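Asks: Let the sequences and hints guide you as you build the complete structure.
4 protein chains.
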Amino acid sequence: MDAHLTLAPPFETETWFNAEAPIRLEDLRGRVVLVTVFQMLCPGCVAESLPQARRVHAAFAKADVAVLGLHSVFEHHAAQGPVSLEAFLHENRIGFPVGVDRPAEDGDALPMTMQRYGFKGTPTTLLIDRAGRLRLNTFGHVPDLVLGAHIATLIGEGKWAAANQSEEDGPPVCAA
Amino acid sequence: MDAHLTLAPPFETETWFNAEAPIRLEDLRGRVVLVTVFQMLCPGCVAESLPQARRVHAAFAKADVAVLGLHSVFEHHAAQGPVSLEAFLHENRIGFPVGVDRPAEDGDALPMTMQRYGFKGTPTTLLIDRAGRLRLNTFGHVPDLVLGAHIATLIGEGKWAAANQSEEDGPPVCAA
Amino acid sequence: MDAHLTLAPPFETETWFNAEAPIRLEDLRGRVVLVTVFQMLCPGCVAESLPQARRVHAAFAKADVAVLGLHSVFEHHAAQGPVSLEAFLHENRIGFPVGVDRPAEDGDALPMTMQRYGFKGTPTTLLIDRAGRLRLNTFGHVPDLVLGAHIATLIGEGKWAAANQSEEDGPPVCAA
Amino acid sequence: MDAHLTLAPPFETETWFNAEAPIRLEDLRGRVVLVTVFQMLCPGCVAESLPQARRVHAAFAKADVAVLGLHSVFEHHAAQGPVSLEAFLHENRIGFPVGVDRPAEDGDALPMTMQRYGFKGTPTTLLIDRAGRLRLNTFGHVPDLVLGAHIATLIGEGKWAAANQSEEDGPPVCAA
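Protein chains in written order, with our numbering: chain A, 1 to 176; chain B, 1001 to 1176; chain C, 2001 to 2176; chain D, 3001 to 3176.
Since the hints were derived computationally from the structure, they do not count as laboratory data.
A quick note: this is a predicted structure, and the numbers were derived from the prediction, not measured.
The beta carbon of each residue, even a glycine, is placed where N, CA and C say it ideally should be.
This list has only true hints and no planted wrong ones.
Among chain C residues calculated to face chain D with C-beta under 10 Å, some are:
hint	residue
1	MET2040
2	LEU2041
3	PRO2043
4	VAL2046
5	HIS2076
6	ALA2078
7	ALA2079
8	GLY2081
9	SER2084
10	ALA2087
11	PHE2088
12	HIS2090
13	ASN2092
14	ARG2093
Replies: In structure tokens form, the structure reads like this:
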């Protein structure tokens, strides 16, 4: 672990599905966060990364791992609006929260969170550690074996921290 | 072959993609026609029946087999409109003609061709023989081995007819 | 169909599994015959061609299609003997007859049927028509869609023959 | 981690492939060890657990994770002898060391290591931690996501130990 790692920047979203209120990354501190960045018309997202996110959601304890989707539309904007996305999530049985990346105000095709994080396309996989720091930002498919290992490593870091720090130390590795 | 088989009823469509003009079944007489009836948000269609239609399109001679898609939307109407469908076809590399089943005028959720043929849902697979008669109308997945056999059987019927009938006999088995 | 096609040469075998007596191709006249040529230690045979042969065995009427395996060992001879093969067939639930290609008497690594037919390796797929003629001899994987079409074409040829020939004509297309 | 966990009992083997000398578990202390227990004629082993072991072998650093196969034959003994196994390993491109579980001297069908560990069948997956303790002994398929997480957890324990113990403490968690 590197104390110089930076916090994952906040998401800019305009809507959330499967959530009662907008989700902020800081609300998830203490848990590892998997974020699957997708477009509903991206075949690789439908075939691989969203089913993988569902497997992660099912395999790990909710207290350890939160799973989010982020719908970052950079093409076919009219075809992938909220009405279409809602039906898509229903048909594909996506039960975890999904935020819609906010369109750029200046008319740029790339939405705001995509610009901020520098996503190269979809699918993109993000991992954020218990301290809120961005630890993985990968374009393309991540094999299950490797993703499982990454997640468990981040889960383990927190346990290490919890076991070896006294209360007054504060969260040991969160310093950005 | 059964001379009492009926002609496949005409399709009621409102738009066609990947076609310069609306396609009528009678224009395809002489060829076997595979029709994949789908909805763009139906996971089984995306994962199985549309890739299968692409394989059929690639495997058989165009002079023997025509492949069509029919977008029969009976749920999530607002999410599966023409703008969304066009992007979907592009992203999923569907190169064969796709017609949009015409919505019922009386507000019924089921579109007109779906009602006429009695489709039970999507995916549905239709096979129409060289003489224009409906020979298969199956809801759910048809294995490649079985579909390949059905198609070849229908291809062969026409060759048999061609080889064994004189001109004046007219098409031997087309009588509805 | 081409009357000049030659009969499939006889198999040279030393043992049969899942059969009460040695099977001769001439005993199968009137049926289409699929032969999967394999080695039990060939990964592509285990993963693809033998499961495909099982699917063919299940999908078509026994009166139309016979399925055979032919174990043509050209490497690792000591590792793929009859005792090993019998256990392999049991564990992989191969229920159709499997013949063991007879080793060459002159010490050649290639067994006799393999030499006679010119198999390039395993898996190889053979199709023999109802009249006993060799119609397909392909090294490597044949997609289900294509294999289903080939089989149905050969099934249909026989029906054509049956429908269009009188008894005294004899088998119409068997002439080698 | 629980200091009361017991050391993985030694393997009883009669032969090793892909190794210059017999491998003893104590030689692997300091590394996490994945052991895939298999039979060469077990279809689930060929289709799933051995390819998974190859993926683990490729995905993790050799300094962190050792991968072993253990051929525990409890049926079809004559069909799965060393000559057959050697050819099998070659054809399936298994590059990691594989030990052959020693047959029971009293004629029991179950080999000695299988009896000692209580394997219920094949495939079985073992994970041994850096301190040599048995942490996983599972019959049947383990999904990649879960196996990757288990392995990374065990890798991380050792790093935790290394980071938090002074030299004179000795190996911190090895006490059985």
